[in-house]
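Chemist: One-letter residues, chain by chain:
There are 8 protein chains.
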Amino acid sequence: MNAEKLKDLLTEVKSGQTSIDSAFEKIKDIPYHDLEYAKVDYHRELRNGFPEVVYSPGKSLEQVRGIVKDMIERTDGNIMATRADENVYKTIAELSDETEYYKEARVVVVKRQAFKVSEKSITVVSAGTSDIPVAEEAAVCAEVMGNCVDRIYDVGVAGIHRLLDNVERINRAGVIIVIAGMEGALASVVGGLTDKPVIAVPTSIGYGANFGGVSALLGMLTSCASGIGVVNIDNGFGAACLASKINR
Amino acid sequence: MNAEKLKDLLTEVKSGQTSIDSAFEKIKDIPYHDLEYAKVDYHRELRNGFPEVVYSPGKSLEQVRGIVKDMIERTDGNIMATRADENVYKTIAELSDETEYYKEARVVVVKRQAFKVSEKSITVVSAGTSDIPVAEEAAVCAEVMGNCVDRIYDVGVAGIHRLLDNVERINRAGVIIVIAGMEGALASVVGGLTDKPVIAVPTSIGYGANFGGVSALLGMLTSCASGIGVVNIDNGFGAACLASKINR
Amino acid sequence: MNAEKLKDLLTEVKSGQTSIDSAFEKIKDIPYHDLEYAKVDYHRELRNGFPEVVYSPGKSLEQVRGIVKDMIERTDGNIMATRADENVYKTIAELSDETEYYKEARVVVVKRQAFKVSEKSITVVSAGTSDIPVAEEAAVCAEVMGNCVDRIYDVGVAGIHRLLDNVERINRAGVIIVIAGMEGALASVVGGLTDKPVIAVPTSIGYGANFGGVSALLGMLTSCASGIGVVNIDNGFGAACLASKINR
Amino acid sequence: MNAEKLKDLLTEVKSGQTSIDSAFEKIKDIPYHDLEYAKVDYHRELRNGFPEVVYSPGKSLEQVRGIVKDMIERTDGNIMATRADENVYKTIAELSDETEYYKEARVVVVKRQAFKVSEKSITVVSAGTSDIPVAEEAAVCAEVMGNCVDRIYDVGVAGIHRLLDNVERINRAGVIIVIAGMEGALASVVGGLTDKPVIAVPTSIGYGANFGGVSALLGMLTSCASGIGVVNIDNGFGAACLASKINR
Amino acid sequence: MNAEKLKDLLTEVKSGQTSIDSAFEKIKDIPYHDLEYAKVDYHRELRNGFPEVVYSPGKSLEQVRGIVKDMIERTDGNIMATRADENVYKTIAELSDETEYYKEARVVVVKRQAFKVSEKSITVVSAGTSDIPVAEEAAVCAEVMGNCVDRIYDVGVAGIHRLLDNVERINRAGVIIVIAGMEGALASVVGGLTDKPVIAVPTSIGYGANFGGVSALLGMLTSCASGIGVVNIDNGFGAACLASKINR
Amino acid sequence: MNAEKLKDLLTEVKSGQTSIDSAFEKIKDIPYHDLEYAKVDYHRELRNGFPEVVYSPGKSLEQVRGIVKDMIERTDGNIMATRADENVYKTIAELSDETEYYKEARVVVVKRQAFKVSEKSITVVSAGTSDIPVAEEAAVCAEVMGNCVDRIYDVGVAGIHRLLDNVERINRAGVIIVIAGMEGALASVVGGLTDKPVIAVPTSIGYGANFGGVSALLGMLTSCASGIGVVNIDNGFGAACLASKINR
Amino acid sequence: MNAEKLKDLLTEVKSGQTSIDSAFEKIKDIPYHDLEYAKVDYHRELRNGFPEVVYSPGKSLEQVRGIVKDMIERTDGNIMATRADENVYKTIAELSDETEYYKEARVVVVKRQAFKVSEKSITVVSAGTSDIPVAEEAAVCAEVMGNCVDRIYDVGVAGIHRLLDNVERINRAGVIIVIAGMEGALASVVGGLTDKPVIAVPTSIGYGANFGGVSALLGMLTSCASGIGVVNIDNGFGAACLASKINR
Amino acid sequence: MNAEKLKDLLTEVKSGQTSIDSAFEKIKDIPYHDLEYAKVDYHRELRNGFPEVVYSPGKSLEQVRGIVKDMIERTDGNIMATRADENVYKTIAELSDETEYYKEARVVVVKRQAFKVSEKSITVVSAGTSDIPVAEEAAVCAEVMGNCVDRIYDVGVAGIHRLLDNVERINRAGVIIVIAGMEGALASVVGGLTDKPVIAVPTSIGYGANFGGVSALLGMLTSCASGIGVVNIDNGFGAACLASKINR
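First to last, the protein sequences are chains A, B, C, D, E, F, G and H. For the first sequence, this note's numbering assigns the number 1 to the initial residue and increments by one for each residue that follows. For the second sequence, this note's numbering assigns the number 1 to the initial residue and increments by one for each residue that follows. For the third sequence, this note's numbering assigns the number 1 to the initial residue and increments by one for each residue that follows. For the fourth sequence, this note's numbering assigns the number 1 to the initial residue and increments by one for each residue that follows. For the fifth sequence, this note's numbering assigns the number 1 to the initial residue and increments by one for each residue that follows. For the sixth sequence, this note's numbering assigns the number 1 to the initial residue and increments by one for each residue that follows. For the seventh sequence, this note's numbering assigns the number 1 to the initial residue and increments by one for each residue that follows. For the eighth sequence, this note's numbering assigns the number 1 to the initial residue and increments by one for each residue that follows.
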């Protein structure tokens, strides 16, 4: 249930179209539904602007099935599962014919409605070929959330002309998501070239003193360019959420 | 020189009001002015939307004086120095009567123009009394950058009713800046209560396993609430920059 | 041998029912039995209130068999092995028909006596579905130790109404165990809502800047709510021990 | 306002002794009082069992004065400030003649009521002479919170007979607080000798690989003795809070 | 070639029993033999008191075979390979019938001479059953180096009576090696009970805040007992080397 | 396209041998070729002196094939892929008969031109047998880049005569690459024995307090010998690049 | 009371020279004397071979005075305080005319008996001039404990001939203490040159990636030379204790 | 004594100009001179190409005086002390009139010979005004060592046009030293723009997640640009040494 639907319902109550008892039944269970192992949060869209999203790791396939089944029954919007492997995809595909798998992004969508397309785009800029899975997680999630997305990949700072060639395109965005591993310098350079909000996603790409993404994370947090918001290592989904909130 | 002024100048060139030579003289030095120890970046406002800001630590008073003097001569906007102690304030105050010192925020402003006031506000929410200096750095910087700011202080999660009483007010903002030390849990709770972009600033407030702000930093990066952008520890200025870019 | 049995024996000695030699034989070997690779500690119940528990990792199946066999022969209480996989379960099940496997909790119990049920309950509160294995370890261990346990799962702070709906139930407990990964903020919020002792268990659930549970651990140690005792990452068993000692 | 007083007031309302309006006036402001820089939390005692405590570092003397003054006016219980240096003491002493300074513990108390004395004692065990300030913070805070406290100091494990001589005395406690720096081994040894709940406080005493208390912190978290709850480094106050909740 | 043999040779040269040329041939290659991938160090026994030892990890089976074959041909003492799995054992066993595998210790010995037995013993004390592999590495290596070894296992400090029962036996040693994981407190307690040199080996046994042995390592380095020498995590071999040097 | 070829082309344009249109076609695509998942950087040789190198981890075999195929078509120099396993080798070998696999170094070369041989050599000095894979990565890459390479392996400081025997040979080099794991002391000793530039490569060889190469990395960064440049852990390729730039 | 005196006393009891009551009075108070803030451990010499030593930091001058006064009254051996500044020296000097201050070593000795001189020497080898305070702490403490000490200073590995010139002298020692900061490589090189036990003391000398002695600490723990025992950063006293136990 | 002088001396010996005894006297003391607290290394120039340099921190003024006095007496080249404060300068100035103080670089030079000037320059590029002290240490040391130095300061990547304007000038260097704090991205960008060797110096400039230079250090070690050698945090001197060795 989203804001629009709730207002419609309340209008119907006011006008007498819907009885109080009937409205009560529809609303009462909204806040969350208790599956014992999960309290599915159906008010999240009202509060946060997106429906609850299923983060797959650490959940058994039975739990994933139970949660998605409950969401299919109680809502009519799109349902999204992230960090989903083939098994999660198959489990969800058994529940609905509308299931699609964005393999590189590891995202499963039960696509019951066409994605909206925002006026202003979110540009996803990534440093290297190895960063693409995280970049795609960000890009696909942003699209599911209703945003127009522009992808500019493999423009790391060691060959800065590749980036400079794309400055104008970058600046057409409403928000920019920068994805980079290793030293994460791309965030600083992009941040210095634009007046748009920049969200930086450190990736765990690298080895040795990269320490699983720490070098990029620290680099982005201490960037000499001001006005960069950093999310967790490899957290393409989180970047998409923040970008989408900004883009509305 | 900001975007507006540059366009005016080019229009004057087009219409013949200004000669090419004269325009050339005005533009040629713009990108930066080389003071040997500093290359003051006068194109930053064009690129980033804010004029260059003087970060005081690590600069001698002579260097601060030189840089601000150059900015006073070459621009007519407001000039801001951050992390400024009394001596920095006095040094700048000698250069201009319009100098103001926001002591708690450690910000000096040479206020040559009234601050603009944005339509939508930026709400600065802080967890404890000790976090106020960072919160004020964020708030004052956001005001200098032309934003209406709403302050909600001392609403840490250990007394969650203080926060819940302010949910409606928080949700009126265009962007929310959350300032918290210790475990930084305030960012997660606020992030779960709003559909507005949240920028989280970990502070170095705490002791022991706080490790100078690391506990709050990690807590904010791994928040269970989605869509939170984190800036460096104690970086109120950076949060204001990002919030201001979003708020425009 | 527990306190009760020892007192009975000594009373029998005093009254002449048991000869000194016979009592000597029964007591002499008590402190521990030396299996070469393990000195099974049979006085632990006297000193600590619980019998020695078999922590499975790092022990060969032969060692587990030897230790449990020795305990079965020398005691008549319940025997517990933690972090037990299927193989540990099978090894122990061969020794006794009374063996039960709590799979999600990874706990094996040789249940030779009915569990006691404490007057006051221990409430186990967990943040997300992925935290359930640790929560179950805590819950099952607490039950084996004779406590009434109340489970409230998936009430993370990003949807704080799910938690607030359960405040009254939480406050009915004698002790509260809070299980949370990621930023561990649940401990702070629960700690602020109750006057009961809170034991916090950080879990290794999360990725990136979670660093295998460090973010939750630091968050709980630096919590702005006072009076929270923290145990090791994923240490549901340790939380149950402490809660049980408090609950008596 | 504590639980007892609130119940009395409500009884007076029921019996007509107090008018609803008058009761309303007394209750309405309770949850917290907004001093702009601080929202003093007057419901904490109802929720947590202790009144709000002033943590001094990071607060200006003006802020300390304002908060304590507000608490003196609105409550009639004891008021406590921790980590208080001489200046904090003097500031508070100007507000009330009943102010006492526990110098070694760095605690200031506005003692408006005699301390209660609990039936069961809290035993504070510390490893070395240098740990005494933290031990005293724990001991004094526990006394202010109404507990009988027993102190056993300088019984580190390098001279284990000093500890073993005190086992019986340790086991008389309702709860044990163990204070130790360096490797923090005292917590493990005490934990193995008692069936009472143990709260461990790592201190920052040590040098080199102690890393400001980290070695003791990790040692206590990974203790081979089960059922130890750990609080932040040097956090004597937090240990007292938890011990006091357990001791009730 | 060891000291004794070199002196014999030189004596023979002096007396004319061996020609200078013949002695030259025997000595010239001594310092090391270059296998391209390894320079086998045949002077180590002269300098360090032990022959070079093959540390197996990171070496291919071909390299192990080549090095051991070279040592068999050029020396007549015992040859030892540590951290050896089954494959390393088989590879070496093909080269000599005198090969023995100490499986729990992961040590392979080509036993061409009976082990010497020192007058004073080295006592290996370990905390838990899971620490035994490291303890056995220390014990077996010490035996190969010619020491009498006394093993006291599973005497962790959580059941301190198990340790106290063995104090006298511990004090009969010439040197004591303490093996412990988790918080490593055993080193401190043993160090406080003896006037013999103590060598502490932290093990990687534990989980969570153990961080692969860091908690035990830091605990041993910051021990409140003086005069403890610490070696690397899980380094039973290194402890045996140091103990053996001391024991001579 | 390298510097020589570009100058030739421009000379042809000047002399009329090549038409402007034809030259334009040849140059226009140079900076990089966009394969969507990769922007292959064909100007790198002009800017950096080496052609772009394919770092294999994190790239799918399809991506490796696409990038190498593009490079084969658009250039005529040697092509190199690092950290290449058997599958990467096979994938590239299908594209060209000139593919060679340096297995120990994990380097694949499409060898279309004989390697150049520099006048001065680069000496690669390594500490132990286990460090050889990293040493070979450095040596092979340096050879592909046109340098004469001298290998001195297994000369760790624990047997310092092995190193001292080679001092003269080390000093004949133009640049020295030192490869060492564990404590990395070899870099300090070599650095003190030579007046040639030293590049140090810490390896992840070791265990326990080695922390995946951190001990060697810190040791090299804090070396008491001056003038040592350190590259990332296990980064033999990076050392070869820097050495090669110096050697020219 | 040391072992000799205790045996004398017991012999006197046996022979009737001393009455049981009188012996009882002399022995009963021995284990420790309780000064409230300290339990001075008078059995330590019996157990550990050295009398209790006063570690000055974290103790008030009053506490130092009380402890040393008690030791002067109850013993007749030498008394030692480490990490002692001028004020500690003056405080102790007021108690006894026999007080001496070893300023560079920061050690105060109440010298009531001539130091014994061991047959075999302890050699203290240090890397740089800045390491001398720690080296002197080790050397002076070893002398107070009755050892002959040989000092070889400023022989860091960057000029290895300085060290090699002293190999013979180093090998004359019974035990070697190596003191080094920065990367701590001196321990590895010395360890490779001798068959004597080596105790390594990392110092906090250095900057940047030295991290207060961590680089030297890790380097020594992971040394490629076997048989090195490491003590805490800057812990010259601890090294002297261990060396002295070995040297007896 | 440098290589030239030694060769002259040996030639004189050969030709009979100098007697063997006289030459012996001149050479014998060369390797180092033992001042008890320091063994001044007079062979370093022969081995390393530079004379020994006095690193001031951790040395008393007496030690500095002794060492420099010895060097003045025994050599006739320039003498350099780094990290020198005013007092070190004054101490050295008393010994020689030729003493000069480079205050910003914290370098003292006893300038007894004119500096040589190399053919190719070393370019020192720094990111911000606050990095200048480290940049000057590198620049001045390089000049003392005989190099022509070109300084390009305040060209951080947040205003990348400032850097791009200087690419041609950067590429004229023989070696490039890049000095940067915060995220250290300047090293990656410069490394991608040049084919010259790049030496990167992380500085401790920054706050919060900078952790005293760690963020820049990790960023430089994991740079996406190949062929960058990194030295310790703030180590301008070390960078100058390495650059100078390369530049010869």
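Incorrect hints may have been included.
Partner residues aside, some chain A positions facing chain F, computed with beta carbon under 8 angstroms [said to hold, decoys possible]: (1) 115; (2) 117; (3) 120; (4) 129; (5) 154; (6) 159; (7) 164; (8) 205; (9) 208.
Hints listed in this document are in silico derivations from the structure and should not be mistaken for laboratory results. If you're wondering where the values come from, they're calculated on a predicted model, not measured in any experiment. Here a beta-carbon is modelled for each residue, glycine too, at the ideal position from N, C-alpha and C.
Chemist: Now tell me if each hint is right for this structure.
Modeler: Outcome of the hint check:
Violation of the interface hint for residue 115 (chain A) is found here, the shortest Cβ-Cβ separation to chain F being roughly 22 angstroms, above the 8 angstroms cut-off. Evaluation of the residue 117 (chain A) hint against chain F yields a violated restraint, the C-beta minimum of about 22 angstroms exceeding 8 angstroms. Checking residue 120 (chain A) against chain F by beta carbon gives a least distance of about 24 angstroms; that is not within 8 angstroms, so the hint is violated. Look at residue 129 (chain A): its Cβ gets to within about 5 angstroms of chain F, closer than 8 angstroms, so that hint holds up.
Because the closest C-beta pair between residue 154 (chain A) and chain F is about 4 angstroms apart, less than 8 angstroms, the hint holds. Because the beta carbon of residue 159 (chain A) sits about 4 angstroms from the nearest beta carbon in chain F, less than 8 angstroms, this interface hint is met. With a least beta-carbon distance of about 10 angstroms to chain F, the hint placing residue 164 (chain A) at the interface is violated under the 8 angstroms criterion. For residue 205 (chain A), the shortest C-beta to C-beta distance to chain F is roughly 6 angstroms, which falls under 8 angstroms, so the interface hint holds.
Of the supplied interface hints, the one on residue 208 (chain A) holds, with its beta-carbon coming within about 3 angstroms of a beta-carbon of chain F, less than 8 angstroms.
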